[in-house]
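Colleague: Sequence:
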Amino acid sequence: MNQLSNNGALNDLKVVEMGQLLAGPFCGQLLGDMGADVIKVEPPGKGDPMRDWGQGDEKVQWEVIARNKRSVTCNLRVPEGQAIARALIAKADVLIENFKPGTLEKWGLSPESLHEINPRLIIARMSGYGQTGPYSGRAGFGGIGEAMGGWRYIVGDPDRPPARMGVSIGDTLCATYGTMGVLAALHHRAKTGEGQVVDTALYEAVLQVMEGLVPEYDHNNFTRERSGSILPGIAPSNVYYCKDGPFMIGANNDAIFARLAKAMGQPELADNPEYATHLARGRNQTELDEMINDWIGSLTIEEADALMIEHSIPAGRVYTAKDMLEDPHFQAREAIIEVETEGHGKLKMQNAFPRFSKSSSGFRRSAPTRPGQHNVEVFEEVLGWGADIIADHTEKGHI
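Residue numbers for the sequence shown follow numbering that gives the first Met the number 0, beginning at 0 and rising by one.
Possibly wrong hints are sitting among the right ones.
Derived pair list, reagent style DSSO-like, types lysine-lysine, alpha-carbon separation capped at 30 Å [unchecked claim]:
#1 Lys190 <-> Lys261
#2 Lys395 <-> Lys345
#3 Lys347 <-> Lys357
#4 Lys105 <-> Lys58
#5 Lys261 <-> Lys58
#6 Lys347 <-> Lys99
#7 Lys321 <-> Lys347
#8 Lys58 <-> Lys99
#9 Lys13 <-> Lys190
#10 Lys242 <-> Lys45
#11 Lys242 <-> Lys261
#12 Lys13 <-> Lys345
#13 Lys105 <-> Lys90
By construction, these hints were calculated from the structure, which means they are not laboratory data.
Start from the sequences, fold in the hints, and give me the full structure.
Modeller: Here's what the structure looks like:
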């Protein structure tokens, strides 16, 4: 499939993506969405296990995480394959890897050796526990990082065991912080000419978004617990139930709560000492939620939505994928796009974010349908190989 035009802010960067599953590949997706030329290195044969991930009869998650990438195969477990990877990395601006710490070093691809051949190289390393510390050598997946970073303990209902989100949030947070690190390292390189290592740990990426969890314990001896669909003391902010389904309202501000009380036909609630202030509403959160639930249960989602808009109250339906595809705001902002993929024809997926006023981001190239799909193209273009060299390495199982 021909690549669409590329006006992305990173369109002058070449990225080599190594590693599998989610954290490293999602970092590659983010950089690719912003214009980088991402060369994904897969093991010969089945390739990245992400090719088989997703829900439903046909696995289409790969179409998102591998968009804007070119796939080459390289057997990193043999010296010849390691030499090929080294040659690719020598031409790159960024290397992404999410192997267990020590793996690159075992393959003769340590950051020190790579910087000898490419001093400007930025190496984004994503792992469960980071490259240093007593746990660094342990295997770590996203869920383990979520548990260690404090996320899992506070997610779920108070009378149930710790729960999880329905997506791999630990991996994607790690990848997002890894991407931020790459962009900061690029700025440093622009000033100094030096590459560097960006060390991102799954548990630390989760820890970063845990708000006041640590200082609350340190200063107040307060341990956050599971609280279901609410944040304790932040009221009203919850999912309530209309006649035809769930509806989210966030009115945890004095002025907004006054408008909600008016919308409910009970303006006196805004002056009631039990609900008039943030602290008072927090103390009476359960009673207030029950009152709102009783009121909204007589309305449809459409009626509740219209009332919230009329009174300028942050609120809205709890979206499913079907709701997103039908929503005019999603359509107007092209938050979801329909693209032509090699593997599954026309397919709708999330667009690239954020948006830029001077450069583009988004879908340019369909996900590669098979490992090594771009071997000839990349090895000719980047390494200057001829057909005979490519054929020889293929026959010997190096690529």
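Colleague: Now tell me if each hint is right for this structure.
Modeller: Hint check:
The suggested pairing of Lys190 with Lys261 is violated, with an alpha-carbon distance near 56 Å, which exceeds 30 Å. Distance check on the hinted pair: Lys395 and Lys345 sit about 37 Å apart at the alpha-carbon level, beyond 30 Å; violated. Our distance criterion of 30 Å between C-alpha atoms is met by Lys347 and Lys357, whose separation comes to about 25 Å. Of the pairs offered as hints, the one joining Lys105 and Lys58 is violated, with about 33 Å between alpha carbons and a cut-off of 30 Å exceeded.
Among the hinted pairs, Lys261 with Lys58 is inconsistent with the structure: their alpha-carbon atoms are about 48 Å apart, more than 30 Å. Distance hint between Lys347 and Lys99 is unfulfilled; the C-alpha atoms sit about 34 Å from each other, more than 30 Å. Distance restraint check for Lys321 and Lys347: the Cα-Cα separation of roughly 11 Å lies within the 30 Å cut-off, and the hinted pair is therefore satisfied. Taking the CA atoms of Lys58 and Lys99, the gap is near 26 Å; set against the 30 Å cutoff, the hint holds.
Among the hinted pairs, Lys13 with Lys190 is consistent with the structure: their alpha-carbon atoms are about 19 Å apart, no more than 30 Å. Our distance criterion of 30 Å between C-alpha atoms is broken by Lys242 and Lys45, whose separation comes to about 48 Å. In summary, the hint linking Lys242 to Lys261 is supported, as the alpha carbons are separated by about 21 Å, within the 30 Å threshold. Simply put, Lys13 and Lys345 have alpha-carbon atoms about 28 Å apart, close enough for the 30 Å limit, and the pair holds.
Only pairs whose Cα atoms come within 30 Å are accepted, and Lys105 paired with Lys90 is accepted, the gap being roughly 21 Å.
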